[in-house]
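Which chain is which? The protein sequence lines are A and B, in order.
Under the working numbering, the first residue of the first sequence is numbered 17, with each subsequent residue one higher.
Under the working numbering, the first residue of the second sequence is numbered 10, with each subsequent residue one higher.
It cannot be assumed that every hint is accurate.
To be verified - Derived DEER-like restraints, expressed as beta-carbon distance ranges:
#, chain 1, residue 1, chain 2, residue 2, range
1, B, S48, A, D478, 36 to 42 Å
2, B, K72, A, L38, 49 to 55 Å
3, A, V389, B, T99, 41 to 47 Å
4, B, L94, A, L457, 54 to 60 Å
Stated by the list, open to error - Computed far set for chain B versus chain A, every beta-carbon distance over 12 Å:
#, residue
5, G19
6, R30
7, Q41
8, N68
9, E100
10, D103
11, I113
Claimed, not checked - If you want a taste of the chain B side facing chain A, the calculated C-beta under 10 Å gives, among others:
#, residue
12, H35
13, A40
14, L58
Source of the hints: derived by calculation from the structure; they are not laboratory data.
Note that beta-carbon positions come from the ideal geometry of N, C-alpha and C, so glycine has one too.
Single-letter residue listing:
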Amino acid sequence: MITLFRRVWHLVNRSRRERDLLSEMAEHRDAMHDPSRFGDTHRLLEYSRDAWGWNWLDDAMQDLSVGMRTFVKSPSFAITATLILTFGIGLNVTLFQMISVGLLRPPAVKHAESWVRFLRAAPHSTTSTVPYPLTQFVNDNNNGVLAAVILEYQSDLAWGREAEDEITASFVSTNWFDETGYGAAHGRVLSDALDGRADAPAVVLSHEFWRNHLGADPNLIGRVAYIDRRPVTIAGVAAAALPGLDFVVPDVFLPITQREYFYPQSTLLRSWSDEAVDMYGRLAPGVSATVAREALRTTMQAAAAGHKEVKKDEWLEPLLATSNFMRDGERQAVLAVLSLIGALTTLVLVVAAANLGNLVMSRATGRVRELGVRMALGARRTRIVRQLVIESVPLVAMGALGSLGFAWAAATTIAALGGFPPYMDFRIKWGTVVLTVALALISLVVVGLLPAWKVAQQHLIDALKDGGQNVSRTLDRARLRRVMVVAQVAGSCLLLIVAGMMVRSVQRAIRSSAGFDYERAAVLSMPLGRYGMPVDARRSYWYQVKERVLANPEVEAAAIVTAAPLGGRVFETAYDATPGLRTLTQSVDAEYFDTMQIRLLSGRVFNASEPDAVIVSRRLALEMYGTLDVLGRGFPLSAGGRSRSSADVAKLSAPEGTIIGVAADAHSIKVDANDVAELYRPLTVGDFSEVELVARARTDADRLPPILREAAMLDRRVIPGARVMHEDFARRMQGPRMASAIAGGIGMLTLALACLGIFGVVSYGVALRTKEIGIRVALGARQPALLRSIVRQVLTPVGIGAAIGLVLAIPVGVALGSEPFYLENADPVAFAGALAVFASAGAVSALWPAYQVLKRNPVDSLRHS
Amino acid sequence: MPKTTGLPPGTLILLILRVVRPGPLHGYAIAQRIRQLSSEQLTVEEGSLYPALQKALANGWLKAEWATSDSGRQVRNYRITTKGLKQLETEQHDYQRMADAIAIILESA
Numbered sequence: 017m018i019t020l021f022r023r024v025w026h027l028v029n030r031s032r033r034e035r036d037l038l039s040e041m042a043e044h045r046d047a048m049h050d051p052s053r054f055g056d057t058h059r060l061l062e063y064s065r066d067a068w069g070w071n072w073l074d075d076a077m078q079d080l081s082v083g084m085r086t087f088v089k090s091p092s093f094a095i096t097a098t099l100i101l102t103f104g105i106g107l108n109v110t111l112f113q114m115i116s117v118g119l120l121r122p123p124a125v126k127h128a129e130s131w132v133r134f135l136r137a138a139p140h141s142t143t144s145t146v147p148y149p150l151t152q153f154v155n156d157n158n159n160g161v162l163a164a165v166i167l168e169y170q171s172d173l174a175w176g177r178e179a180e181d182e183i184t185a186s187f188v189s190t191n192w193f194d195e196t197g198y199g200a201a202h203g204r205v206l207s208d209a210l211d212g213r214a215d216a217p218a219v220v221l222s223h224e225f226w227r228n229h230l231g232a233d234p235n236l237i238g239r240v241a242y243i244d245r246r247p248v249t250i251a252g253v254a255a256a257a258l259p260g261l262d263f264v265v266p267d268v269f270l271p272i273t274q275r276e277y278f279y280p281q282s283t284l285l286r287s288w289s290d291e292a293v294d295m296y297g298r299l300a301p302g303v304s305a306t307v308a309r310e311a312l313r314t315t316m317q318a319a320a321a322g323h324k325e326v327k328k329d330e331w332l333e334p335l336l337a338t339s340n341f342m343r344d345g346e347r348q349a350v351l352a353v354l355s356l357i358g359a360l361t362t363l364v365l366v367v368a369a370a371n372l373g374n375l376v377m378s379r380a381t382g383r384v385r386e387l388g389v390r391m392a393l394g395a396r397r398t399r400i401v402r403q404l405v406i407e408s409v410p411l412v413a414m415g416a417l418g419s420l421g422f423a424w425a426a427a428t429t430i431a432a433l434g435g436f437p438p439y440m441d442f443r444i445k446w447g448t449v450v451l452t453v454a455l456a457l458i459s460l461v462v463v464g465l466l467p468a469w470k471v472a473q474q475h476l477i478d479a480l481k482d483g484g485q486n487v488s489r490t491l492d493r494a495r496l497r498r499v500m501v502v503a504q505v506a507g508s509c510l511l512l513i514v515a516g517m518m519v520r521s522v523q524r525a526i527r528s529s530a531g532f533d534y535e536r537a538a539v540l541s542m543p544l545g546r547y548g549m550p551v552d553a554r555r556s557y558w559y560q561v562k563e564r565v566l567a568n569p570e571v572e573a574a575a576i577v578t579a580a581p582l583g584g585r586v587f588e589t590a591y592d593a594t595p596g597l598r599t600l601t602q603s604v605d606a607e608y609f610d611t612m613q614i615r616l617l618s619g620r621v622f623n624a625s626e627p628d629a630v631i632v633s634r635r636l637a638l639e640m641y642g643t644l645d646v647l648g649r650g651f652p653l654s655a656g657g658r659s660r661s662s663a664d665v666a667k668l669s670a671p672e673g674t675i676i677g678v679a680a681d682a683h684s685i686k687v688d689a690n691d692v693a694e695l696y697r698p699l700t701v702g703d704f705s706e707v708e709l710v711a712r713a714r715t716d717a718d719r720l721p722p723i724l725r726e727a728a729m730l731d732r733r734v735i736p737g738a739r740v741m742h743e744d745f746a747r748r749m750q751g752p753r754m755a756s757a758i759a760g761g762i763g764m765l766t767l768a769l770a771c772l773g774i775f776g777v778v779s780y781g782v783a784l785r786t787k788e789i790g791i792r793v794a795l796g797a798r799q800p801a802l803l804r805s806i807v808r809q810v811l812t813p814v815g816i817g818a819a820i821g822l823v824l825a826i827p828v829g830v831a832l833g834s835e836p837f838y839l840e841n842a843d844p845v846a847f848a849g850a851l852a853v854f855a856s857a858g859a860v861s862a863l864w865p866a867y868q869v870l871k872r873n874p875v876d877s878l879r880h881s
Numbered sequence: 010m011p012k013t014t015g016l017p018p019g020t021l022i023l024l025i026l027r028v029v030r031p032g033p034l035h036g037y038a039i040a041q042r043i044r045q046l047s048s049e050q051l052t053v054e055e056g057s058l059y060p061a062l063q064k065a066l067a068n069g070w071l072k073a074e075w076a077t078s079d080s081g082r083q084v085r086n087y088r089i090t091t092k093g094l095k096q097l098e099t100e101q102h103d104y105q106r107m108a109d110a111i112a113i114i115l116e117s118a
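All chains should be modelled from the sequences, with the hints used to inform the complete structure.
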């Protein structure tokens with residue numbers, strides 16, 4: 017270590033040390049009788065440098081400066097190479113940046129490693145929310161395994177004295193801010209001491225709401241505002257960077273203990289059957305999630321002893337914040353999809369690097385004479401390899417810098433277009449830089465080392481004799497070049513097919529949504545339960561509102577449904593008779609099919625009282641019974657549906673009944689999913705705890721929301737929400753559209769790279785064989801035969817590459833077949849389309865240089881040397 | 010590195026370390042001393058001396074410092090370090106062992 021330090025110190029002071037050595041040698045020479053015997057001091061200086069071991073650095077600097085000079089002297093090559101690498105590395109870095117910022121990152125809260133989210137679990141079902149009294153019971157009786165319990169309850173409310181604006185609110189426990197570690201930007205946040213009482217309503221505004229809707233006025237603190245027409249005091253503004261535990265930032269925070277101030281009739285704080293709040297806990301120091309789960313079983317049993325709503329075999333399942341509150345299986349599924357996308361972007365880098373490697377090899381092939389001279393002068397092969405590799409360093413460095421810029425620009429653009437919340441920080445961080453450097457080094461191996469190694473293997477000294485023609489020809493036919501073409505073609509084919517499949521899945525979603533008319537529809541929602549209305553009263557209220565809505569001449573039809581298209585929660589069931597198909601159940605009234613323009617293929621709609629009747633969709637009928645002739649048959653085919661547990665499903669239900677109708681397919685809830693079918697059943701009184709009204713306009717859906725709101729305010733306490741469906745649709749399709757556009761863009765760019773690679777190989781081969789081609793033309797060879805002989809060089813690698821791409825696309829399609837992409841497995845249109853695009857682009861890039869050379873006069877070709 | 014004449018290969022560093030052991034010497038004096046001590050049998054070429062001195066410096070066997078010679082010239086004196094003494098001992102031992110081995114072979118042949 018000391019020796020190394022000494023050498024580095026020498027390097028730092030090298031110029032001074034060398035001056036010393038030169039003057040020392042001068043003194044020595046002067047002292048000699050015959051100074052001419054001393055020799056050349058500069059040569060001795062060179063040998064002395066060797067002793068310190070830094071000569072390689074000097075050589076490297078020289079090679080680097082040669083590389084820089086080449087870079088500057090051939091700007092078109094430099095720019096192309098930089099862009100290729102920028103694209104290849106940048107895409108991977110962007111993906112990393114998006115994942116590290118948006119996914120797989122524990123929430124930025126105090127003690128993130130000890131937070132868990134509790135699911136309420138029973139042997140056959142799981143729910144993500146729990147009743148409020150249960151949370152209090154657990155807080156009081158958790159055997160010391162929890163250091164804190166915090167709660168959230170998301171709700172839509174109205175802001176303003178006349179309830180003019182819809183806002184989102186989080187009713188949170190008063191310790192929420194203390195425990196998560198978020199402070200106030202202005203005023204104060206909620207606290208146990210100040211907000212524990214139910215009669216002192218205070219609100220904390222989110223920073224974004226305060227800035228965007230209230231003009232960032234700091235004087236608002238302490239003023240009175242109105243929420244759901246009730247006065248509240250603005251206590252403060254929350255800190256700007258507030259992702260919270262679930263990454264949802266509401267417009268306002270309200271203390272959950274004061275919920276009854278807004279809804280005096282609400283039973284939320286007392287009901288053991290109302291599963292409403294999200295429950296998070298902080299594990300006590302030294303307590304693992306497993307220990308907490310076991311300890312809380314006792315707590316749940318104690319709760320079950322006192323309250324019939326809790327079953328004895330239920331438990332609270334803790335999901336760790338460090339696993340993003342996902343179960344192992346869910347996390348693995350997310351990781352699998354991410355890894356696959358990562359593999360695809362790595363493939364882009366492989367294509368880019370192979371492409372550039374080919375270009376670099378072509379350029380090095382043109383330098384065999386120069387390299388031959390160097391070897392003839394005593395350079396070793398390793399020295400030649402080092403030289404060529406170092407010359408590629410400026411290219412790769414520029415590519416790496418470009419890719420950082422690309423990643424920043426792409427992540428920021430996607431964040432802006434995708435509507436990501438502002439607390440997500442997409443600035444370049446050290447991890448991203450390290451990844452960029454690592455990928456740049458890998459690229460250097462392909463772009464610099466492989467071609468250099470291949471070139472240095474040739475008999476370069478022999479190249480001096482024949483002008484390098486033999487060596488150039490050998491290199492041109494090198495297997496490495498073909499392997500690189502195969503890699504490019506395979507990668508680009510695969511990516512094109514995947515992009516094609518993604519575009520097709522968006523098309524399918526749009527087509528399937530044509531199964532219902534969302535363009536002219538709007539949705540009305542009223543949380544009547546909040547106003548303490550009994551379920552019977554809710555039902556008559558809804559029907560009264562429906563009458564009022566229908567009375568308006570602008571409204572053509574209206575219907576009541578448990579989950580309006582493009583939103584709302586539905587019951588999801590997996591039946592044994594239809595493996596791989598998820599059945600989504602909606603309760604609807606008789607007018608639903610007419611309102612949403614869903615065609616009834618056979619049978620009829622529901623009568624007034626037939627609770628056991630069901631209407632199945634075409635796909636469900638075909639998959640369960642194999643025929644559309646199912647009227648009067650019992651549903652489901654074999655008794656006993658197998659319930660599927662899902663964190664998002666509030667209740668699990670497996671309806672049974674007699675089929676009275678078959679409706680056309682209309683993926684109204686999960687528009688982009690390819691593994692769902694619909695089941696409709698009549699509305700029951702119980703459904704009115706949470707229903708919505710859908711209405712179809714005669715002319716323009718945008719006119720409906722005020723009409724619906726007005727009709728809903730039969731009781732002036734009720735604050736309704738209304739939205740047009742085409743906005744929901746646009747929002748829902750934004751993600752898939754963006755993903756398929758990005759995939760399409762990547763596919764086309766990779767195609768361009770592969771075509772550039774084919775073009776390069778063919779045009780270089782043609783350039784080497786100009787003389788031969790000239791002779792053949794002069795001897796009367798026909799053009800088609802000549803074209804065939806020129807293009808044959810790339811035919812095999814392109815064919816192999818395309819075959820590999822096609823074969824690999826099948827498992828990729830299968831792997832991306834479920835959420836979130838829903839690709840169609842082995843979609844023949846995507847395969848054929850991608851192949852057609854690739855074949856035509858590839859043919860043009862192979863034939864173009866061949867055609868160009870054949871266009872010339874054969875005599876000119878013969879004169880070419 | 011240039012060849013030395015009259016010196017067995019690999020022994021230059023050994024000789025340099027040996028002649029500077031009694032006290033610091035500059036480059037010219039080192040060459041002179043080797044010649045004198047070997048009764049003018051061994052000559053160190055300057056082309057070998059300076060790279061060897063740099064190697065010894067790089068390995069920490071010698072330290073160099075500027076001084077004024079008796080003749081009033083600025084010279085760079087080389088002084089042996091503790092590490093250099095150890096190296097001298099090792100090299101001396103290795104050389105002796107090799108010389109003995111060669112001698113045995115020569116005598117037996």
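Subject >> Unsatisfied constraints (hint numbers, rising) >> reply: Going through the list in order, the structure violates hints 1, 2, 4, 7, 8 and respects the others.
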